[in-house]
Structures are given as C-alpha cells and as structure tokens.
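Protein chains in written order, with this note's numbering: chain Z, 1 to 148; chain H, 1 to 148.
Honestly, the hints are just simulated from the structure, not real lab data. None of the values given here were measured: they were computed from a predicted structure. Wrong hints could be hidden among the right ones.
Heads up, the list lumps identical chains together, so a pair's fine if it works in one copy or across two of them.
[As the list claims (entries may be wrong)] Lysine-lysine pairs mimicking DSSO-like chemistry, simulated, CA-CA at most 30 Å apart:
#, residue 1, residue 2
1, Lys23, Lys123
2, Lys23, Lys3
3, Lys3, Lys143
4, Lys23, Lys143
5, Lys143, Lys123
There are 2 protein chains.
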Amino acid sequence: MPKVDLASIERTSTTGYPPPFDKDVAGRHYRRLAPAHGLTDFGVSEVTLDPGAWSSQRHWHYGEDEFLVMIEGQAVLVEDDGRTVLRAGDLAAWPKGAANGHHLINESDAPCRFIVIGGGENKGGCYSDIDMMWDTTDGYVHKDGTPY
Amino acid sequence: MPKVDLASIERTSTTGYPPPFDKDVAGRHYRRLAPAHGLTDFGVSEVTLDPGAWSSQRHWHYGEDEFLVMIEGQAVLVEDDGRTVLRAGDLAAWPKGAANGHHLINESDAPCRFIVIGGGENKGGCYSDIDMMWDTTDGYVHKDGTPY
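Chain Z on its own, in the form it takes in the complex:
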C-alpha cells in the first residue's frame, strides 16, 4: 500500500547522544519510513517534537543532502545566521558540506511534525555548538577525536 500508514510503523524516541546532549532531544519522536516501504535510494523520517524539544544538536553533514517538509505546527530553525520560523507547508534544504549547522526547536505550546529526507553517503558530521563530531568509525567523538 503506497499510502503511508504511520500508525503501523514503530515510533521511537531513542538517541545515541552522550549525556548531557541527549536531554535536549528527549521530546523528539520519530519513525523511519523508508525501510517500511522498501525505499533504499534515500532515507525518510517522520519526526514529532513535543513543546521544548530539539530535532537534534545543531549540526551539518559532510556527505548527505537533507530536505525538510513541515506538516503540522511550527518550530524555529536555528542556524549560524539566525532564526527562522517554519510553519506547516514550509520547506527547507541543506546541501551536504555546507558548514552552517542547523536544527529545529519547538518553542510553541503544541507538538509539531515534519518529514525529513536524507540522501548521499554518510561521511560523518559536525556539531556546531558543542565539542562533538560524528565519525563513521568511532561514532560520537570530541573534536580532538577522543571518544565519549
């Protein structure tokens, strides 16, 4: 059935972030939609942010493009150059390798939901505001390469 039946797909709230960075995403819940539908050319997630929750620590990817479609509620997109409110129907695009970290924060009093698509090659990524990187061999590491 090509129409996505969200209720049939497991929703998770886990994160691999080491403390204390995990706390900011405690109210983030997501479903991985691509595996459930046999898609392999890109990843697709449905993400819900409770009020106050962050989508991630602010980051950018070395090898993966990202695209976002806001479908419910609103959140604030935070980047190097400021803050932008995204509302239902708004879109955002992040090309790989652009060293301008991004994340969404739900500053409203209602949940928000968005669809995010990621493609390309996972070569790791960098977190803008904290001493953390994602290394494809070692996972979450400090910016000097030592592990958490």
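Given the coordinates of chain Z, assemble chain H onto it according to the supplied hints.
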C-alpha cells in the same frame, strides 16, 4: 538561505509527453527545488495540480524510488488496486521496480500541492494505461520500441 523561497524559483508547466497524452497534465505546474539549493543526492519538486489535472500518466520507475508529501488540498491516488484520497499531511511511497503504476488526479474544485522526492538511477519507466514507455536513449516510445 535554507528555508525554501518558492516565489524565487521558476515554475513551469511544460511536458515532453506526445499528444494526446500531454492534455491530461495541462493543469500541472512544478518547480525543481533541488538545483536551486545545491542538492544533488535526490530530486525534489513542488507540484501544483489545478482542478481536473493529472500529476502524470500512470507510471512506475525501473530504477528510482519516489516519496510524496501532500501539503495542500487533496487528490486521488490511482493504482492497480484502486483509488486512495490523499489529503494535506498524507504521505505515499513508491519503491523502484514495483510494477504498480501510480498517479494523482485532482478531482476537487481547488488546487492541490505536493512535494515529491525522487532518487536512484534513471533507468526508464513504464506507463500502465497507454502504449508508452520512457527509454533513457530514445525518450518516449511505444511499447514495441518505436518512437513517437
């Protein structure tokens, strides 16, 4: 600017379909969003269907996954196994190689809009209801391989 400014991106209504298959998509308008934002890992289009317009002739792809996010209005998804109404916030997924053609028809009295993502390798495609295929060398051809 990662937030997509749709008004700044050219909107087109062209099609390469040979007559009479072009008439069904005459009320389809689209913007190519990926090139405007430097995305190369997948394609992204914003598509608007006027009342009565089709998204395409009913088709499936040999080498490309597709994913759709309805963001405004509603349309009917038509496939081998029936009709499904898609409303704002609804999602649909089509894995490459699944020989179940799909398209959307706007049967409502207001425009509808959706975002569609495509990835993978363009190996051509097949049209379910008409004597047409897409060949990566020859373009639109009859199912016996002769060109239009």
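Quiz item: When no copy is specified for Lys3 and Lys143, does a C-alpha distance of 30 Å or less occur within a copy, between copies, both, or neither?
Solution: Intra 42 Å, inter 28 Å, cutoff 30 Å: inter-copy only.
Self-check item: Intra- versus inter-subunit Cα pairing at 30 Å for Lys23 with Lys143
Solution: For Lys23 and Lys143, only the intra-copy Cα distance (20 Å) is at most 30 Å; the inter-copy one is 57 Å.
Quiz item: For the identical chains here, do Lys23 and Lys3 meet the 30 Å Cα criterion within one copy, between copies, both, or neither?
Solution: Close across copies (27 Å), not inside one copy (34 Å); limit 30 Å.
Quiz prompt | Lys23 and Lys123: within-copy, between-copy, both or neither at 30 Å Cα | solution = Answer is within: at 25 Å inside a copy they meet the 30 Å cutoff, but 45 Å across does not.
Quiz item: Under a CA distance limit of 30 Å, which applies to Lys143 and Lys123: within one copy, between copies, both, or neither?
Solution: So Lys143 and Lys123 pass the 30 Å test inside one copy only (15 Å; across, 42 Å).
In summary, this structure violates none of the numbered hints.
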